[in-house]
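We have chain A already, so just place chain B on it with the hints.
Chains A and B, in that order, give the protein sequences. The numbering used here applies: residue 20 is where the first sequence begins, and numbers increase by one. The numbering used here applies: residue 112 is where the second sequence begins, and numbers increase by one.
It is worth saying that the hints were derived from the structure and are not from the lab. Bear in mind the structure is a predicted one, so any value in this text is a computation, not a measurement. Please note: incorrect hints may appear among the correct ones.
[Stated by the list, open to error] Here are the simulated DSSO-like pairs of lysine-lysine, each with C-alpha atoms no more than 27 Å apart in a straight line:
(1) B:Lys288 - A:Lys284
(2) B:Lys288 - A:Lys305
(3) B:Lys416 - B:Lys201
[Claimed, not checked] Distance windows between CB atoms, simulated:
(4) B:Lys288 - A:Ala247: 24 to 34 Å
(5) B:Gly263 - A:Ser135: 47 to 57 Å
(6) B:Ala363 - A:Thr192: 40 to 50 Å
(7) A:Thr104 - B:Asp298: 57 to 67 Å
(8) B:Gly358 - A:Ala247: 46 to 56 Å
(9) B:Ala172 - A:Thr104: 35 to 45 Å
Glycine included, C-beta positions come from ideal geometry on N, C-alpha and C.
One letter stands for each residue in the lines below.
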Amino acid sequence: MVLDILAGFVYSIIVYNIPLLYGTVGEILNEKAGSLNLGVEGTMAVGAIFGYLLGCRTDSLFLGILTAAAAGALCGLLFAFFTVTLQANQNVTGLTVTTLGLGVYYFVAHAVHSRSNWPMMQDCPSIVKGFSEIHIPLLSDIPYIGKAFFSHNLFIYLGIFLAVLVWWYMKHTTAGLRMRAVGENPGAADSCGVNIPRSKYLHITAGCAIMGVGGYYMALHINGEYLASSGWINGYGWIAVALVIFANWNPARAILGTFVFGIFKALEVYAGSIAFAFPALFGWLKAVPPKVFTALPFLITALVLVLSSARRSKKSNQPAAIGVNYYREDR
Amino acid sequence: MKTMKRFHIVRREGVSLRRKCLYYVIAIFSALLLGALLLLTCGVNPLDYYAKVFTIGLSTARFPAKQVENFLNALVPLVLTSLALSVAYKMRFWNVGGEGQFLIGATAAAAIPLGLGSVGGTVPTLLLMAAAAMLASALWGGITAFFKVKFGTNETLLTLMLNYVALYFVSFLGETKGKWNFFLRTDSDRPIFASVFDTVAMPALRIGDFSLSLALPLTVLICVFLWFYLKKTKQGYEIAVIGDSPGTARYAGMKTGWIVVRTMLLSSALVGLAGFFKLMTSGSLSASITDNVGWTGVVVAWLSKLEPLGIVATSVLICVLRFGCSQASVNVSAVDSRFSDILQGVILFAVLAADFLLRFKIAKKEEAC
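For reference, chain B alone in the conformation it holds in the complex:
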């Protein structure tokens, strides 16, 4: 009789938080190390480069306050979108339609000041814009939830397709002149999106040179609310049960269909709100207004294990990379500004590998053949 030795993987439970953090830190460091090697091949000093990236270019910035503002403005949509997507992922509903929902939200928000003008002052207008953004993208996301519940349509593929429909809808608005199209500037022959800043602006708290947009504290509030909602309420519990086992949920008498639709409405409404916040920093619509947060958000949400605090931390890391690399590329011409894509990709793969080591262990198996 022959014995065969081979390796197989088995689940691992109860890994301590310290160990998790250690693994992730090692993963990120090894990814940065790989990035450093690439930078060396370009003849760039990696320490200098990374110093620029991780100080988001503040050391050489002429207007540091403005720089921090821009960074936070880029961070808010990413955090909010990732948080929103994570709500749907809690119930294993693969909403990859963040891009589309974001665009629809921003468009609906823009429609208020551009179509109706100021509605009784700044605050009512802003409230109306936020409501429009949330409602429109909730409906947009709700379409997919409805078909998923009704017919079992694959939600990944359907949200993916609807992204394009939303994208081309916005491009269509941006290039079609017409009496009806109030999204465009009237004083230009070429089609250009009008700015909402002529009508309304986001209230901001001024601290010296620095102005803190209201969007940031609101996002923090939403983060706390979502943590509470998912962890402490009955609805949050229902979401968790459906995610773990839809069969159990149904057996326990939950209205799973309605819960899926309700949760997706919440998820996509919050993505829409992120679109509204972004609109209030960019001023005008555009097809590229999303800055890819709909895609990045998927990755952020999943890597953070759908934990609100983890999402904030991961978003900050990714945002620092993106923002920092684009700042660093101003001074370092040998490296493309999209170097952040490589760093981001390698870090994500390293973290996914660390995840594997935390979830599974490799065991030696002896079996008789």
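Here chain A stands alone, though its shape is the one from the complex:
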């Protein structure tokens, strides 16, 4: 009984928060190449709406993912064009990508909703099938653990795979090393023959493509229900920006970070019922106001940021040239 609840709890944390991992891994690729992209929210929204509409139109999950990635990549291209080629301020450009992205999201959603039948996910058998949980022989049958960790849909495994892949790429490949050099000291990287604009364009675009897929997941996860008020992304993109710092710019740690943020998000809603179910162990949860759980990840992230700068710690992976544009003739 207790384990049942716990397994369900872990399961739902993963299912609800995996988009954060996509957003975070994408943003790490941006930031490690020296670009602080505050357009995550907008990029995810654009990926979500186009992925959903085209995916449902063709009833193909694969095409949906591809469209979402392409739409996200387009947002990244826009950001890269303005910050790398046109030397525009990164904060301003990122915020503008978010504004424009959300505008496009609402505009397209409203236009489709008001003029034609809003495509329903239930009418797309192959998407529903593709989005359903995958049964892995043996692993899924492990009591409790199988339910918590091994009975998820495709996107969960894809997200974790992408995180590990990006981690490996950054840590163990020459291209990854060069990209980190661009984020640390573009001048030095340039003098070693690294093509700075190309590296930035490439990693920003790839990162934003990953964010787009994360947005698509959010659309599917609420069955593509049309939302006129809060939108599908609902602040997840912003949380991803925080999560990057929490994960210390490490994609593998982002997996853990997503889970920790997820626990706090879940506690905001379920703390009361957990306290009720386990009065002896978790009774104290009742006394904590729910919003404390929501705020805690951000507070911890802020503390991590301050402490790591205070100790000038070698362990911090914050890119030195983050947020600074590179203009060769200023070198």
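Using the frame of chain A, we list chain B on its own:
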């Protein structure tokens, strides 16, 4: 030997004001043109739509005076927040914590009438509220400045995080009933923020149907003051030097650390004041009281080149778009009210592109390989 032709970009100096204005006008027009194409795809007449937007819906309004009032009430917080942020940006201090500072300011201001009641009449209460708002958000912003100076903490990321802490703090106040929580109404079982209007109201000048809130002239005054402060005083000069070259500032014997903290205190105090003004038009707190001005302000300040007059003009443009589009959407159901986001985004990108053309020129480079 092969010669290779390629293009590269070089800095451009001394562009005339006329040329700048021309570029910006072209940018805005081409963005509106793109918007018009989008409107056509929805089967909406762009001219009609834009007419509604740029007259902020006055043509169809039943209470035009009230409409203008609402517009000005939306404009004041944006202008003041952008101005305040621009002060920090002058020294290249990337304060993106406008949202949080705004919320903290509004909360502190609300605490006075809701917690203490009327303190010796309207004027003392209002003064106390303004002081509380400025002090609280100055401290909130000061945290980041302190750590930036002391440890070199990245101020963009830290202010970003503190935005959320402030946001959830206000949500927490709004949903937690308790004896101590004087922010909520006592006559309701559900948690609802109490209104400060029961205790105090902003003095306003009545001109016929139209009432001009005191916040507007005050904002104009602050704008003039900031122009003077940044351009004509020693402190303003110090800020400019730090922005251009922190090394030079230190070499010249300026106390750069203190100047950064002092300037950030001023910047965030003014954001707090904007929060107070907003509270005096909305009446009660809410987590969405900021109306995103903390974010929009970043963009406005930067696009206006941190010039006070430019900030006012840009704010008016953005406010007209937002307010106008939400008014137009009442009559035009085919277009979402958030169409202003698209217009705003496209205009900003067009202006950023114009900026590039003003700052750089593309030169042909011939080099021997």
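To see whether the hints hold, each was checked on the structure:
1. B:Lys288 - A:Lys284: Given pair Lys288 (chain B), Lys284 (chain A) holds - Cα atoms ~21 Å apart, limit 27 Å.
2. B:Lys288 - A:Lys305: 14 Å, holds
3. B:Lys416 - B:Lys201: 9 Å, holds
4. B:Lys288 - A:Ala247: 24 to 34 Å: At roughly 30 Å between Cβ atoms, Ala247 (chain A) and Lys288 (chain B) fall inside 24 to 34 Å, so the hint holds.
5. B:Gly263 - A:Ser135: 47 to 57 Å: Holds - the Cβ-Cβ distance for Gly263 (chain B) and Ser135 (chain A), about 54 Å, lies within 47 to 57 Å.
6. B:Ala363 - A:Thr192: 40 to 50 Å: 46 Å, holds
7. A:Thr104 - B:Asp298: 57 to 67 Å: Since the Cβ atoms of Thr104 (chain A) and Asp298 (chain B) sit about 59 Å apart, the hinted range of 57 to 67 Å holds.
8. B:Gly358 - A:Ala247: 46 to 56 Å: 52 Å, holds
9. B:Ala172 - A:Thr104: 35 to 45 Å: 44 Å, holds
Violated hints are absent here; each numbered hint is respected by the structure.
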